[in-house]
Amino acid sequence: MNRKRFLTYAFLAKYYFGHHLGRLLPSRRKPGGGLDKFLENYRADRIQALTPEERAALPDMQSCVSCGLCTSSCVLTAPPGNLTETPPIDPRAVAVSYSRAIPEFWSLRGVVERCKGCGLCEEVCPTDTPLLRMVRFIDDKSRESAPA
Amino acid sequence: MKVRSDIVVIGGGLAGITAAMRAASLGREVTVIRKAYGATAVGCGAFDVLGTHGGDLLHSAFDLRKGAQYAPPHDLFRLITRRPAHPYALFVEQDEGSEKAVWKSFRPRFDVAASFILDRLAKAGYELEGSAEAITPHPTAMGTLRWTNFAPVSIHRGNVNGWRKGGVVFVGIDGVDTFDTAFASRSLSALLAEQGSADAGSFDARTVTLPWGRKQGGMTPAEVARELDDPERRESFVAAVESELAGQDADHLVMAPVLGIDSHAETLHLLEKRTGARVCEPIIPAPHAIHGLRLQKALDRALESAGVRLVQAHVAGFDAAGSVIRMLRGEGDDGPFEAEARRFVLATGRFFGGGLVSQNGMRETVFNLPIYHGGRPVRERPPFALLRERYWSRQPAFEAGLRAGRDLRPVDGTGRVAYANLHAAGSILGGFDLAADGTGQGVDALTGYEAGSLAAKDVQA
Ligand SMILES: Cc1cc2nc3c(=O)[nH]c(=O)nc-3n(C[C@H](O)[C@H](O)[C@H](O)COP(=O)(O)OP(=O)(O)OC[C@H]3O[C@@H](n4cnc5c(N)ncnc54)[C@H](O)[C@@H]3O)c2cc1C
Chain A
38 MNRKRFLTYA FLAKYYFGHH LGRLLPSRRK PGGGLDKFLE NYRADRIQAL
88 TPEERAALPD MQSCVSCGLC TSSCVLTAPP GNLTETPPID PRAVAVSYSR
138 AIPEFWSLRG VVERCKGCGL CEEVCPTDTP LLRMVRFIDD KSRESAPA
Chain B
32 MKVRSDIVVI GGGLAGITAA MRAASLGREV TVIRKAYGAT AVGCGAFDVL
82 GTHGGDLLHS AFDLRKGAQY APPHDLFRLI TRRPAHPYAL FVEQDEGSEK
132 AVWKSFRPRF DVAASFILDR LAKAGYELEG SAEAITPHPT AMGTLRWTNF
182 APVSIHRGNV NGWRKGGVVF VGIDGVDTFD TAFASRSLSA LLAEQGSADA
232 GSFDARTVTL PWGRKQGGMT PAEVARELDD PERRESFVAA VESELAGQDA
282 DHLVMAPVLG IDSHAETLHL LEKRTGARVC EPIIPAPHAI HGLRLQKALD
332 RALESAGVRL VQAHVAGFDA AGSVIRMLRG EGDDGPFEAE ARRFVLATGR
382 FFGGGLVSQN GMRETVFNLP IYHGGRPVRE RPPFALLRER YWSRQPAFEA
432 GLRAGRDLRP VDGTGRVAYA NLHAAGSILG GFDLAADGTG QGVDALTGYE
482 AGSLAAKDVQ A
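If you read the sequences in order, they're chains A and B.
In terms of the working numbering, the first sequence opens at residue 38 and continues consecutively.
In terms of the working numbering, the second sequence opens at residue 32 and continues consecutively.
Warning: the hint list may mix true and false statements.
The calculated DSBU-like cross-link candidates involving lysine-lysine, where the alpha carbons are at most 35 Å apart (straight line), are [claimed, not checked]:
| hint | chain 1 | residue 1 | chain 2 | residue 2 |
| --- | --- | --- | --- | --- |
| 1 | B | LYS154 | B | LYS131 |
| 2 | B | LYS131 | B | LYS488 |
| 3 | B | LYS154 | B | LYS135 |
| 4 | B | LYS328 | A | LYS153 |
| 5 | A | LYS178 | B | LYS246 |
| 6 | B | LYS33 | B | LYS154 |
| 7 | B | LYS246 | A | LYS153 |
| 8 | B | LYS488 | B | LYS328 |
| 9 | B | LYS246 | B | LYS304 |
| 10 | B | LYS488 | B | LYS154 |
| 11 | A | LYS178 | A | LYS153 |
| 12 | A | LYS153 | B | LYS33 |
To give a feel for the contact side, a few chain B residues facing chain A, derived at Cβ under 7 Å [said to hold, decoys possible]:
| hint | residue |
| --- | --- |
| 13 | TYR68 |
| 14 | ALA72 |
| 15 | VAL73 |
| 16 | THR251 |
| 17 | ALA253 |
| 18 | LEU324 |
| 19 | PHE383 |
No lab work stands behind these hints: they were computed from the structure.
We treat Cβ as the ideally placed atom computed from N, Cα and C, and that holds for glycine.
Bound-form chain A, shown alone:
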């Protein structure tokens, strides 16, 4: 092993062990320290942290193929109609926008707020997309990310 390689490994080892030992000690996080700076940098982009449960649910939420069957079962468009008073609602919009970015969820607020949670959309969905869970997810995330 040449000298350069040895120094490289030593450097990595120092930080590897230092990091893990440090984690055993009580948190020494300083306000305004590294993590806060990191989060601050991304605040303008409205990027948010996901919990492990949320992350585990992502693949299911992305299974929409945009077939549109949910649109015809959504109770919010059922007669006697209220077309003139209401903005369009389309459960598919919820599912499709999910595959867009969380920072843009706030644009769906008008839709998810009106969802009554009846679940008829999920009953007909061929790809088992968890639409109700997505509505709740979008509702949560968009509260944090809405522009002032």
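Given chain A, work out where chain B with the ligand should sit, using these hints.
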């Protein structure tokens, strides 16, 4: 929840419901278990028996426009020669070898199955017209022509072969932008002129504004169709069309295909009565067309009148003793679910319905049965062997499915019957491409009817 019946059908699309109603008509107690809607609910409404193709088979739409003859005996013979694993091949006496003999053995069996399901659908308010012997051209929402054997009345009234000389008007709805009437009318008039139908008449496009329509943000076709199920909305819509067409030379109306979901026929008849024109809807060649949804809902109504129980649940496992399935297990609306029966019919469709999945290789989802293509299980081959680079080539991935003999019992990896009390029906069966071969719903009706008959007979035995 626990269900017991003579026969349990898994899947509630065209194939499963046909099988269930057939078994019920023979006096059996039947339950259908369904997790959701499938391919049947997004179809475009065309009921193809031996339809048109983009590929290597019978007629392309182009050939037919150029006046090629539609000859079912010849076409069926070619089909089963080139697709020996096509489910139709299970319904013909092949040793007879001649086109005429093959057709003669197929036709009566198909007719019995088709008239069974078409009759049930008509009683449920969804009438189809057409014939296995003929193929007719109907306008699409793009202004092209789509040939098919059977079509719901609203589409079949657009059979351009039957158009008298006169004015054709495409009528769209302000705010529903999936039907570009100006574009469609230009395309269709050019197409018919090229074909030499000089007497096609004049073509025009109009847009009606719905007094109760949404002013901003547009409307989905499903929204408008649901509104038109309501008699008052229907009346005001028809009045709007009438006034838009005042003074117009209109013998044929091609209406935005949103005339209703449960009672579109009433809107159609009211329009005809009030305008004096012959009214049709175009075929929408892409999902999701309201036509498929209407078909699915009519099937559901027919199932209910046949006294078949429909359970919403996702079948996820089963118990078997040797080669006999005892029970299905799954997840229902209100918790775990079990279903016992003496015979089972698997009609879970393909990728869209949920019968097959393609994740780390293709597999069948309920019984883990092997998927076949070209006489061999696809697991034996690398995944890329199932795909072709050229779009229009035959795609093995879309022809793969269960393999079964004449008794419609799916086979295991060694080619032997997998379970003595399991039949399969519909698109879960392999050997054909349901989008490209032009035989999709024909296979569902034929194999669904047969699976229902076989399962019912077994229960008796
Ligand atoms: C976009 C499109 C257009 C088409 N156009 C045409 C056409 O123009 N002409 C034509 O003839 N054919 C057409 N076809 C083909 C035709 O629609 C299909 O062949 C037919 O609908 C298949 O019916 P099926 O009953 O086999 O399956 P599906 O209708 O898919 O039904 C499968 C059923 O099984 C259920 N299911 C699946 N897994 C489970 C489970 N584990 N537990 C419980 N239930 C389960 C599903 O929820 C569903 O109810 C088209 C297909 C598509 C996708």
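Do the hints match the structure? See the list:
1. LYS154(B) with LYS131(B): holds, 34 Å
2. LYS131(B) with LYS488(B): It holds: about 30 Å lies between the C-alpha atoms, which stays within 35 Å.
3. LYS154(B) with LYS135(B): holds, 29 Å
4. LYS328(B) with LYS153(A): Holds, at roughly 23 Å.
5. LYS178(A) with LYS246(B): holds, 30 Å
6. LYS33(B) with LYS154(B): holds, 31 Å
7. LYS246(B) with LYS153(A): holds, 24 Å
8. LYS488(B) with LYS328(B): Holds, at roughly 28 Å.
9. LYS246(B) with LYS304(B): holds, 29 Å
10. LYS488(B) with LYS154(B): holds, 26 Å
11. LYS178(A) with LYS153(A): Holds: LYS178(A) and LYS153(A) sit about 18 Å apart, inside 35 Å.
12. LYS153(A) with LYS33(B): Holds - the C-alpha atoms of LYS33(B) and LYS153(A) are around 30 Å apart, at most 35 Å.
13. TYR68: holds, 5 Å
14. ALA72: holds, 6 Å
15. VAL73: holds, 5 Å
16. THR251: Given a least distance of 5 Å, the restraint on THR251(B) holds.
17. ALA253: Constraint on ALA253(B) satisfied, holds at 4 Å.
18. LEU324: This hint holds: LEU324(B) lies near chain A, its Cβ roughly 6 Å from the closest one there, short of 7 Å.
19. PHE383: Because about 6 Å separates PHE383(B) from the closest Cβ in chain A, which is inside the 7 Å limit, the hint holds.
Figure legend: structure checked against the earlier numbered hints; every hint is met.
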